[in-house]
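Novice: So the protein lines, in turn, are chains X and H. Residue numbers for the first sequence follow numbering that gives the first Met the number 0, beginning at 0 and rising by one. Residue numbers for the second sequence follow numbering that gives the first Met the number 0, beginning at 0 and rising by one.
Source of the hints: derived by calculation from the structure; they are not laboratory data. Keep in mind that the hints are not guaranteed to be accurate.
[As the list claims (entries may be wrong)] Just a few of them, taken from the derived set where beta-carbon distance is under 7 Å, the chain X residues facing chain H:
| hint | residue |
| --- | --- |
| 1 | His32 |
| 2 | Ile49 |
| 3 | Ile86 |
| 4 | Pro88 |
| 5 | Thr97 |
| 6 | Ser101 |
| 7 | Phe103 |
| 8 | Val105 |
| 9 | Ala116 |
[Claimed, not checked] Each pair of labels, with its calculated beta carbon distance range:
| hint | chain 1 | residue 1 | chain 2 | residue 2 | range |
| --- | --- | --- | --- | --- | --- |
| 10 | H | Ser101 | X | Arg21 | 22 to 28 Å |
| 11 | H | Cys98 | X | Ser123 | 20 to 26 Å |
| 12 | X | Leu38 | H | Gly52 | 48 to 54 Å |
| 13 | X | Gln127 | H | Asp102 | 33 to 39 Å |
| 14 | X | Gln137 | H | Thr57 | 57 to 63 Å |
| 15 | H | Asp94 | X | Glu34 | 45 to 51 Å |
| 16 | H | Ser101 | X | Asp22 | 27 to 33 Å |
| 17 | X | Gln127 | H | Gln127 | 49 to 55 Å |
| 18 | H | Gln127 | X | Arg21 | 51 to 57 Å |
| 19 | H | Asp94 | X | Arg135 | 21 to 27 Å |
| 20 | X | Gln35 | H | Asp93 | 42 to 48 Å |
| 21 | H | Asp22 | X | Gly111 | 39 to 45 Å |
| 22 | H | Ser37 | X | Thr97 | 41 to 47 Å |
We put the beta carbon where it would ideally sit given N, CA and C, even for glycine.
Protein chains: 2
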Amino acid sequence: MKLSTRGRYGTRLLLDLALHGRDGPVQLKDIAHREQISLQYVQHLVTPLIAAGMVRSTRGARGGVWLAKSPQEIKLSEAVGVLEGSIAPAECIDDPKTCPRSDFCVTRDIWGELKEAMDGVLGSTTLQDLVERQKRKQRPVEVMYYI
Amino acid sequence: MKLSTRGRYGTRLLLDLALHGRDGPVQLKDIAHREQISLQYVQHLVTPLIAAGMVRSTRGARGGVWLAKSPQEIKLSEAVGVLEGSIAPAECIDDPKTCPRSDFCVTRDIWGELKEAMDGVLGSTTLQDLVERQKRKQRPVEVMYYI
DNA sequence: TACTTTGTTGAGTATATTAGTCAACAAGGA
DNA sequence: TCCTTGTTGACTAATATACTCAACAAAGTA
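The whole structure should be built from the sequences, with the hints applied where relevant.
Specialist: Rendered as structure tokens:
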């Protein structure tokens, strides 16, 4: 049940854009450096995000990438969906025809509930939520005063 | 984020035992036949369940396997845990030391919530729940009258 | 225009995991 | 004793993962 690096790194990449993409394009090499991912892998992670219209880009000197929407409009469920494909724990959830037992299989029901539970988390969290959590983590002492 | 066949088939194996293990040991070949899994693979699926004390067995003619506890005492979280290992979507959830970012990584928090959500489903479902769902599915027409 | 910087794309690859099979063995019942 | 059944470990084909390499395309700069 592991998420692949695509899903995990890709989410970090988006968060990085949300945090650092306020003024102009963010260069892939900067993302690579901050997130400690090779530039070459970052290039591949960003491709499906651009294809999905979640990220925009421009080439050439001073080029880079940025979020196509504001962070509060980007749910993690979309991001993970683009990066990872379906998060269904079994193929039969997305396509009942892949298993002849689908009609009467109760374990299938459970895998479906598992997917629902995950969708619940990822569908209710936006990049903006991550940004805010990050800010709180970066200033643990200051936040303490408000608790 | 797929569950492997071990987790899926193994859960079906346990459900099969809950459904058919009322009178004496259930033979692996019968499970294999009903669940449409090769006998050889069933043999391998049952091994960790026996090792974990979830299933008991006896060899020889008329041998077989059976649940060590009653179905309502067996949570799916235990079963999947034995069969699949941890369901954590990322290694850093089980062991923060595997990633130097664990202390301040907010995406890690989300993967942790994902695990919690899955634990919520699997921890609140027992084999007995599956048995009851199965009974309802097998008699869809009769159930209709009660809805 | 020429050059440099940056993103884009596709091919290739080492490693690990999955999903099994094969075969020898152990033990219990008839 | 023989047959039936579970136990165990070695082995393997196929697939997925997690990348790297390298050629290319487009946009800015001098």
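Novice: Next, verify each hint and record whether it holds.
Specialist: Status of the hints after comparison with the structure:
no. : hint                            : in the structure
1   : His32                           : 14 Å, violated
2   : Ile49                           : 20 Å, violated
3   : Ile86                           : 4 Å, holds
4   : Pro88                           : 4 Å, holds
5   : Thr97                           : 12 Å, violated
6   : Ser101                          : 11 Å, violated
7   : Phe103                          : 5 Å, holds
8   : Val105                          : 4 Å, holds
9   : Ala116                          : 4 Å, holds
10  : H:Ser101 x X:Arg21: 22 to 28 Å  : 27 Å, holds
11  : H:Cys98 x X:Ser123: 20 to 26 Å  : 25 Å, holds
12  : X:Leu38 x H:Gly52: 48 to 54 Å   : 50 Å, holds
13  : X:Gln127 x H:Asp102: 33 to 39 Å : 22 Å, violated
14  : X:Gln137 x H:Thr57: 57 to 63 Å  : 60 Å, holds
15  : H:Asp94 x X:Glu34: 45 to 51 Å   : 20 Å, violated
16  : H:Ser101 x X:Asp22: 27 to 33 Å  : 30 Å, holds
17  : X:Gln127 x H:Gln127: 49 to 55 Å : 42 Å, violated
18  : H:Gln127 x X:Arg21: 51 to 57 Å  : 54 Å, holds
19  : H:Asp94 x X:Arg135: 21 to 27 Å  : 24 Å, holds
20  : X:Gln35 x H:Asp93: 42 to 48 Å   : 21 Å, violated
21  : H:Asp22 x X:Gly111: 39 to 45 Å  : 32 Å, violated
22  : H:Ser37 x X:Thr97: 41 to 47 Å   : 19 Å, violated
Comparing the model with each earlier hint shows violations of hints 1, 2, 5, 6, 13, 15, 17, 20, 21 and 22; every other hint is respected.
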